[in-house]
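Novice: Based on these hints, arrange chain B on the given structure of chain A.
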Amino acid sequence: MAVEKRARRSSLLRGTLPFLLTCWKLNLAGAMEFRLSFLLTAGMMFLNNTIWILFWSIFFSRFPSVAGWELSDIMMLWAISAGGYGWASMLFGNFNRIAYLVAQGELDVYLTQPKPLLLNVLASRMSLMAIGDFLFGLAMYVYIGEHTLGGLLRFLLALFLSGLFFLFFTLAAGSLAFFIGNAEGLAYQLFNSYVMFTTYPSDIFKGFAKTLLFTVFPAGFISFMPIGLLRSWDTGFMVTTAAALLLLVSVALLLFYGGLRRYSSGNRMVMRS
Amino acid sequence: MSQVLNRLGKKTAKYIAVGRITLKQQLAYRMDFLMRSMFMLLILYVFMQLWTAAYSAQGGGLQATMGGFSLKDIIWYLVLTEAFSLAFPRLCTQIEEEVKNGGVAVRLLTPISYNGYQYFVYMGEGLLRFLILLACGSAIGLLFVGPPEFGGGWAAFAALGLGNFTLAFLLNLCVALCAFWVEETRGLEFVLQKLQFTAGGMLIPLDLMPHWLQQICVWLPFQAVLYFPAKAAVSGGAGLGGYLLLQLLWIVLLGGLAAWIYARGVRRLNVNGG
Chain A
1 MAVEKRARRS SLLRGTLPFL LTCWKLNLAG AMEFRLSFLL TAGMMFLNNT
51 IWILFWSIFF SRFPSVAGWE LSDIMMLWAI SAGGYGWASM LFGNFNRIAY
101 LVAQGELDVY LTQPKPLLLN VLASRMSLMA IGDFLFGLAM YVYIGEHTLG
151 GLLRFLLALF LSGLFFLFFT LAAGSLAFFI GNAEGLAYQL FNSYVMFTTY
201 PSDIFKGFAK TLLFTVFPAG FISFMPIGLL RSWDTGFMVT TAAALLLLVS
251 VALLLFYGGL RRYSSGNRMV MRS
Chain B
1 MSQVLNRLGK KTAKYIAVGR ITLKQQLAYR MDFLMRSMFM LLILYVFMQL
51 WTAAYSAQGG GLQATMGGFS LKDIIWYLVL TEAFSLAFPR LCTQIEEEVK
101 NGGVAVRLLT PISYNGYQYF VYMGEGLLRF LILLACGSAI GLLFVGPPEF
151 GGGWAAFAAL GLGNFTLAFL LNLCVALCAF WVEETRGLEF VLQKLQFTAG
201 GMLIPLDLMP HWLQQICVWL PFQAVLYFPA KAAVSGGAGL GGYLLLQLLW
251 IVLLGGLAAW IYARGVRRLN VNGG
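So the sequences go chain by chain: A and B.
For the first sequence, the working numbering begins at 1 and goes up steadily by one.
For the second sequence, the working numbering begins at 1 and goes up steadily by one.
The shape of chain B in the complex, shown without the other chains:
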């Protein structure tokens, strides 16, 4: 038993080391952080103008509530979804490049699972970015609409945060692994990204969507990536249990799908030289 645990510990340490190295690498790219943060501030600024204009046109003006969201709730919701969305690394580009230039062969030779390696790189890169973007977004939120009133929502947000990164990784991995079949995955990645923007509730909370669309979105995994943590935060943690359960279910399903795609794709791979 202790031997098994020892082996498991060593295996885990490998992957944690991958995450740690990626984190250190990321710290070197200060300019990239600055650019992303600037872009996020711009997006949030545009959305604030858009939503302010939309709420102003309503009967109750800026104090109006739509689908349970006040203007302040919407702005903080967008701060969270934008921070997540801009923090997610470009997994498709990385894997596509590796497949095209043959670098994938080196990865396959190392005694580490390919998908596991990509996961820890993804997490190392994404989590640090997220914290920085969240700080930036919070600054603009505080400045324009004042402090959030999340209460217990913070805990719900933290609980769903790790799962949403995992789910975003799996969705992107499923698309990225198509690089074993097609030369360009950028188009597919674009579509995935836009599905997260819309069906995932990044740009507009699902509660404000027409009823028929809400019914469709309920059956898709995208809501568990951005909508769940942001909605749980602004609603003070309501519905956390259900959100966690659904998130876990999608992680299991998509994890299985990614493993299946990888197993089929890697058999097709031909790399010349090395």
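Extracted from the complex, chain A is given alone in its bound form:
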């Protein structure tokens, strides 16, 4: 048993981690091939998020406080949401293309490679736009965040959790393609809606909608972080968030690997993309 554990740890250190690092290095090198395009795409995403902040600034110039939220909370909400989505898409950029890959039969190429399937699929792409999102998240923190060690650690934790929520929720939505065929449209809309709900204060929602945001559509865990984690550490909220994330990860993995058993394709010859 101990030997088996040691062997698994050694395979992780010698095989999987170097493989992941190589993937990320090559993805970045690939992005740098089209440097102008890369700069434009990442820069535009940064600008795009800044324009949203402009909207919120205008909004809060009329209404200084909405459901207890202030402009600084919204800015940090955007920092967490964009930054979390950013790192997840930089390192595991295929997470919102699962439905497409399944529907097009493009998983074949990954199935033939001697690497952990899901990790291989996720890490084989880097989103250029997401780099702009990630940098935007950091810039927001530098601009308005709490510049103490505690504040920095809480912000990094919020980024980390937010990225995981994005990754596994979208993975679960994309895995529906194994069960209902062409689920690209549905997965895309679910993803879009998820992004939208993570960028509005969770406290404007009441009753059933609020319940949904903290259960089957767990965007509320991200959108409450400026209050429940960044303003001050709320143990109850953090424990619930950890439990919800654990449940979401389990559901997403179950859907992916359960669905994989039903996967079939027309033996398409494709390049990894």
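The set of hints was computed from the structure by calculation and includes no laboratory data.
All clues stand as given, with none of them false.
Calculated cross-link-like contacts (lysine-lysine; reagent style DSS-like; alpha-carbon spacing at most 25 Å):
#1 B:LYS14 <-> B:LYS24
#2 B:LYS11 <-> B:LYS24
#3 B:LYS10 <-> B:LYS24
#4 A:LYS206 <-> B:LYS72
#5 A:LYS25 <-> A:LYS115
#6 A:LYS210 <-> B:LYS72
Specialist: Showing chain B alone in chain A's frame:
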């Protein structure tokens, strides 16, 4: 004279046929309509919650008026701007794909103006979507805040509606034609979209913006796309003449700009094979 008219009629018929075919094509994508409608309902729901929370915090509560807008006015304003905004087709993606895969060469060979073709496809696709989205948005508006009290605003809205589609097309065309120079136009398209959201008054009417920003927005074309028709509708048609005139002016200016970009860009185009 009759010959000229005859030729003009035939030319127009070509473009109308393009619009008609696009309309028929669109009817086949019922799922797409359903998805867009669902997304619109979600957005409107979120905005209703946001604006309700904002108005509740005011002195007069939900009966308060801000910048001449009651909560009901704001909700109906958003129904209209969202319906327009979600109905506008993704022109940049289409043109960028055509340039990348060389499909643009086929278009250039056909005896039809490239920009004219794109315009009628845009209108065919956008107008049908708009009607469906408007119906969906109206349903949620009726349910949450009751029927609109537009009066003469409906006529003003219809009068400005066609111009705003044309203007949205021209703005997008100017960005989309950059595909002749750069590989990706998605970033530029994002920025344009967000400028329409903010400076165009999609998310918040210009009247509620700070004075200095209103002064800037007055000089930009974005207000003529979403703000003019929605504002004219909720204010019962007030200011229609000025809005129409400004819209026309921007159409002429941007039409000229798009033609100039196209003329320069198409000269740079190299397509291998076919």
